[in-house]
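Assemble the whole structure, with the sequences as input and the hints as a guide.
Residue numbers (the numbering used here), protein chains in the order written: chain A, 1 to 287; chain B, 288 to 1085.
Honestly, the hints are just simulated from the structure, not real lab data.
On a predicted model such as this, the values are computed, not experimentally measured, just so you know.
It cannot be assumed that every hint is accurate.
[Said to hold, decoys possible] In the BS3-like style, the derived pairs of lysine-lysine whose C-alpha atoms are separated by at most 25 Å in a straight line are:
# : chain 1 : residue 1 : chain 2 : residue 2
1 : A       : Lys98     : B       : Lys739
2 : B       : Lys935    : A       : Lys274
3 : B       : Lys340    : B       : Lys413
4 : A       : Lys242    : B       : Lys1063
5 : A       : Lys247    : B       : Lys1061
6 : A       : Lys41     : B       : Lys413
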Amino acid sequence: MSSLQVLTPKNNTELAEALKQATPKSKILGGGTDLVILLNKDEIEPDLIIDMTANKELNYIKEEDGDIYIGAITTITEIHDSELINEKARCLAKACEKFGSTQIRNKATIGGNIANASPAGDTLPALKALDAEVSVINSKGEARFLPLGDVLAGPNKNSLNVDEAVIGVKFSAHAKPWISTFAKLGTRTAVTISRISLAVNVVYDEATNTINDAKIALGAVGKAAFRAAKLEEELKGKVVNKELRAKFAEKLSEVIQESIPGRASLPYKKEAIKGVAYQAFEDLFSM
Amino acid sequence: MPVNKYDVLGKRLDKIEARQKATGKLKFTGDLKFPGMLHCKILRSPHAHAIVKSIDTSEAFKVDGVVDVITYEDVPKILSMHQFLHVPEVMYYDSYLLEKHVRHVGDRVAAVAATTEEAAKEALKKIKVEYEILPAAITAEDALKPDAAQIHEEAKRGDKPVELKGNVLDTCDVTIGDVDKGFADADYVIERTYRTSKPNNGQLERTAVVCVPRDDGRLDVYATSQGIHAMRMNISHSLGIPASKLNCHRMYLGGTFGAHIHTGFIENICAFLALRTGRPVRGEKTREEMFLSCGRHPMIVKVKAGFTKDGKLLALHSDVTDDTGSYAFSGSSKMALTAGFTLSMYKCPNLRITGRSVYTNTPPLTAMRGAGNPQAHWAVENMMEEAAEDLGIDPIELRRMNLLQVGDRFFGQGPQVISTIRSSGNDQLLEKGKKLIGWDEKRNNHIPYPDKPWIRRGVGMARGFHTSGCGSEKPNAFIIDHSCATLKMNEDGTAQLMNAAADLGAGTLSAHASLVAEVIGLKYEDVIVNLGDSDSAPFDGPTHASRGLYGAGQPVVKAAEEVKQILLEWAARMFQCGPEDVEIKESKVFKHNEPENYIPVADVVRKGHFSGWGAAASTASVRPKACPPHFIAIFVEVEVNTLTGQVKVVNAVSGVDTGTVVNLNNVEGQMVGGLHMGMGYALIEDTIFDRKTGEPKNASFAGFHILTVKDMPDPDNIDLVIADTFEPTGPLGAKGIGEGVTNPVAPAVANAIYNAVGVRINDLPMTQEKLLAKIKEVEAKMDDLAMTQKNVKETVRE
Ligand SMILES: Cc1cc2nc3c(=O)[nH]c(=O)nc-3n(C[C@H](O)[C@H](O)[C@H](O)COP(=O)(O)OP(=O)(O)OC[C@H]3O[C@@H](n4cnc5c(N)ncnc54)[C@H](O)[C@@H]3O)c2cc1C
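Right, dumping it as structure tokens:
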């Protein structure tokens, strides 16, 4: 048994100090809903744990100059309950709705969901569809913004350096005419990891029933959440009707076939995505 | 809910231990601590099949806090079995405490006792083992192949060595009537193969044990066990020590569903380590270890049934291939039971069962709620539905016309355990269920949301039964079914019950308290049930087979009647009248029609005890002479998303024929819980092992999903129907309930899915993948059909 040190920085200055001691074996702790499981299973043996959750500077949801900022230790429950998020980034609020259980949502942090970089992480497609950038701090106290895609380095792998931590995430506010939603499919109704997740964020002109811009992201069907760029183009200028819904579903199915060719789950997922697509359309356009 | 004539029975009463549990005061086994206690951890094989070539424990001994490390070289050379509920003569003795020949991933290689759990874990890492890896057979089909590696080289059945050829440990072939003639006479014959999955019991409380050496040289054993006497037999046999050296304590259990019907090795190992070290030794399995030590047997069930054209069942042949895992914890009984239960699903003059029980290189399996019967139901109730369709008979009607009736012979635990049916609520359940689910309106109405035609609804049903205990008219040579109870009155008027039945969390001991209160005329609160131990409680078989109330309740009633007689006689002396002139109600004794002129029961007991009239106490012993079926009918309405294969049960009716209701809360709890568990079996539950390496793929609750409360129908959409029946052989008319309520659920869901989308999945679970693939297949066929029709039309037009 090796010894383990736990640091609990109270602010960003202390955090930078703590990060100075980090080695490749060290771990950063958010809500612990992923990390503690690995500890219990003896899959990791950290020399140092830096507990983020006492650093209340990182607990916020705010809007400034048209951008929304969320601190790294903000919990999934807090995001789900936020009026601001529900109004201007609804797909993220929806992603937090079906996330784990009440207990998990109360503990799990958005910083943890990002840093954990699970292909099935629920906030990730939503953040992708919001063009989010991740704010990272290092041991010198320097902060920088990285596009979310650059942080997600692979399944359960992030690109942060040993002496870096996620301190927040930002994206531009997507007020009306942007409307967005999130849909997921798991093996059961609740407390289920996504097998497919889908975030749809569109500029919708109610008067003409037309989609004028679109950001579509998929989760759990690739190494990391990703955008369906071609499909986004195809949606632009389209009238919302049943044909569009069917086409949207078909196209998403094609996207999945390109993303996970040969995977055992492909035959199921390429079909089931259609149900997820219909669910998203139902939620967005009541159809 | 039927009304009855009882004062205590049928009401909603808190379980006697409810407050202790709700306030966290009740100590479960895992909560126990003793001074100087050591912690045991087991080194488990990473290979599905291997021989330990060498093992070096020297480094492990050097870890701070390590007191003992044992391997197969140190344990008694006694072949053992683990489920002492069948008669020993039919059981398989095929394991040692620790093995040199390991037979599944997670099999026991070595054990450590250390002052802390951390030290014990650390020591495990320091044990060096060299394995010779053998080819493994992970499924029954693979284990049956002629070139499959032999998993066991030695085993005994009873005390006789078994000659093991290949991996088949036992077979069965029983015929009743003339099956060939039955099939020859039949107008319609159906033959199908069904497969079931391998769910884990998944009970909340993990296996735990603490063994504490006593000053008198004996050992106290506190363990999660469904039977303290069975556990005592298992441990004493495997350690080669007399039974009286062990005192097994009854503990409240946090659910078992059969997971604690056997000793799971850790109990025996801790007992052995406690005797070796002279210190208390505690062991508790991790959740992963739970997944590597129990579960429901997966089966391949072939059924062939012959009917007349009017739907009368003439012949039935069930053939069962039973995968028992790496050790035969239940002997070959699951094979016999799954096959045997199909004999009593319906009335049929010509019956045959055949089967084989097969070892595989997967964790040992055991009884899990229904003990082979969910598998039997899955096959028969799917088959009945297909037969009904082919015969053009309403599925409920087909079942109704083939029901076993009062007076018919009933095989409660396979062909050896025979009794006669004396109560049946089948007709009530079918009639009420049909009405409540809206059968006639809904069978042909599949589109609940016209703007979402991809969501389809359907209704379906299945029925069946489970045995209440294992009693038979004549003593049988298959299973132990015998119970005792001691009851004594205290000088404050309370009654104290001492028996050995286990309370699996279902409220069995509270039910026993209700029986005592009802029989004597005491207040429910005036009955105390001792947890007790095997030192003080008379013999009882373990609590399984839904026998906790029906079987173990019988001596409770008998003892209570005897104690009541004593109290009545003493009261009669005090009232200066005959015992027939007095009665007891709400803990008061009075002459008939003079309730105001009462003597508290406490005064009667004091008078009797202090005057030297004797002791108000009795010990009763009963061998139940029947194992009445508690009949069940399940109706469900499902919603199938044909785009994703998702199934939601939106409405359900659970109907039970449980005889007299003892505690309404507990009965309803079983009904809803049984529905939930059956739905999980139907839709998602399965443990997966790599077909080559035998590695577990989902040995955790993250990987092995159990349905959540959110997957259940809205509470308002669950109807609970309790038939108005009285079981003449039961304690105050009661039968079992715990297992029956799950048995028909999976086929009911399957039949509803078929009604909704015209698709049948014959192998459990009916996952989203399997369903969607089948739905697409059917849609493609329909498209083809539509295409052909269109082409035909066009050709005609041309
Ligand atoms: C029962 C259960 C259900 C779940 N359901 C879902 C679900 O539905 N959807 C879903 O997406 N996830 C789910 N999860 C996974 C988990 O809850 C999420 O990934 C969660 O967001 C992790 O956040 P956390 O704060 O608990 O992270 P932690 O467990 O504390 O950390 C996770 C990882 O991120 C690192 N980390 C944490 N914070 C930071 C930071 N600020 N900077 C750098 N690195 C950091 C840690 O070192 C660790 O590697 C579930 C987990 C459980 C146990």
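Hint check results:
Between Lys98/A and Lys739/B the CA atoms are separated by roughly 22 Å; this keeps the pair inside 25 Å, and the hint holds. Between Lys935/B and Lys274/A the alpha-carbon distance is near 18 Å, which keeps this suggested pair within the 25 Å criterion. For the given pair, Lys340/B sits about 17 Å from Lys413/B by alpha-carbon distance, which is consistent with the 25 Å threshold. Distance restraint check for Lys242/A and Lys1063/B: the Cα-Cα separation of roughly 21 Å lies within the 25 Å cut-off, and the hinted pair is therefore satisfied.
Under the criterion of a C-alpha separation no larger than 25 Å, the hint pairing Lys247/A with Lys1061/B is consistent with the structure, at around 23 Å. Distance restraint check for Lys41/A and Lys413/B: the Cα-Cα separation of roughly 17 Å lies within the 25 Å cut-off, and the hinted pair is therefore satisfied.
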